[in-house]
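J.: Going down the list, the sequences are from chains A and B. Under the working numbering, think of the first position of the first sequence as 38, with each following residue one higher. Under the working numbering, think of the first position of the second sequence as 38, with each following residue one higher.
These aren't lab readings, by the way, just hints derived from the structure by calculation. Honestly, I wouldn't trust all of these hints.
Since the list gives no way to pick one copy over another, a pair counts as held whenever it fits inside one copy or between any two copies.
To be verified - Listed below are the simulated BS3-like cross-link pairs for lysine-lysine, each with C-alpha atoms no more than 30 Å apart in a straight line:
hint, residue 1, residue 2
1, Lys64, Lys96
2, Lys70, Lys96
3, Lys88, Lys64
4, Lys98, Lys64
5, Lys70, Lys88
There are 2 protein chains.
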Amino acid sequence: MTFGIDWSIIFSVKTTNTRQILLETGKQLIWEKGYTATGILDVLQAANVPKGSFYHYFKSKDVFVLVVLDSYAQEHYTHVGHHLEDETLTPLSRLHRFFTAAGHWFESMPAYRGCMVGNLSQELGAYNEDFRSRLQAMLDQLRSNIQLCLQQAQDCGELPAQMPIEQMADFCLSGLHGALLRMKVSQNPAPLHAFLAILFDRVLVN
Amino acid sequence: MTFGIDWSIIFSVKTTNTRQILLETGKQLIWEKGYTATGILDVLQAANVPKGSFYHYFKSKDVFVLVVLDSYAQEHYTHVGHHLEDETLTPLSRLHRFFTAAGHWFESMPAYRGCMVGNLSQELGAYNEDFRSRLQAMLDQLRSNIQLCLQQAQDCGELPAQMPIEQMADFCLSGLHGALLRMKVSQNPAPLHAFLAILFDRVLVN
């Protein structure tokens, strides 16, 4: 008597779980230690998954890291990015909510480890074209979303008419990434707080 | 007949040269690829120096990287940092000269590889206490120098009396580092230009 068990479903659940465990474990390790310092063996050991499983789910380390980046992008959107699309707020309030949420989120991370996209951009930006173009696309998307809010804030009079919006979007995104870098190396959130205070008290003002 | 050659001098010149070659080669590699991705063997091969020489000059890779950081600090001061101490200029002009010089210097680098202190802070900041404290001290020193100029600019009326100088110093340094990161990942100096334009047209203004 087999109770009509559909083994393909059970196998599929196990597969999904192992893949998901590898992905989540790898994400944490790569976020902390970076690309070069994270070996596939480290991921397998931390995930307590048998050697040999990795290549069943991912063609290569580089494919794995690209999937990890997708997962990070979703997490960032859930915690931070979606605020830029909140139509219940004015454009400037959306920007305020977005940068404040980013501040809270990154301040809550173990060891102030920063933004995974920023970390990998620093590590791989200059020398690995596949990763560089992917990371750039992620940052460009975020910059476009910030720029749209800035433009709408200018159009409705929340920001001065003569503010150069495209440059300002770049300036805001750079400032956030620099503040995260300095929070990490000082192990102190003061640079992040200074960035948020100056940005909203002295830069994005009418 | 020996022509009175002082072999100790010749040995000393050779020693100095080999050490200097290792240091300069290692600096370029670490600047480009980071700490983890640069092995001692890579340095020896790139420097065309026999294996085994390394530990004659440096106790360990970590000691070597700390010496490399000292060398980087000197180079940065020569190209960029000294402008903050130029008493022939007004305080605000010193800041302008400093950030503009930083922009020119970093824009001239191969592959827009960024600031070595920023790169290593991103890579090692959260997890290696020896490097973290050294990198933090270097950034704190620079922030203090920027803060002093900002304070003097405020004292002589070049900047508004109500500007929070300490936070502004943090803000400026974070912005520069974020702009360097984004220049690297976009392989385009536009984010650096945007940072400099907004900083001097809209932030450090009276």
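J.: Each hint should be assessed against the structure and marked as holding or not.
T.: Now the hints, each set against the structure:
Within a single copy, lysine 64 and lysine 96 get their C-alpha atoms as close as 17 Å, which meets the 30 Å cut-off; across copies the closest is 35 Å, which misses it. For the homomeric pair lysine 70 and lysine 96, the shortest alpha-carbon distances inside one copy (22 Å) and between copies (25 Å) are both at most 30 Å. For the homomeric pair lysine 88 and lysine 64, the shortest alpha-carbon distance inside one copy (18 Å) is at most 30 Å, but the shortest distance between copies (37 Å) is not. In this homomeric assembly, lysine 98 and lysine 64 come within 30 Å of each other (Cα to Cα) both inside a single copy, at 12 Å, and across copies, at 28 Å.
Taking the shortest Cα distances, lysine 70 and lysine 88 sit within 30 Å of each other both inside one copy (21 Å) and across copies (29 Å).
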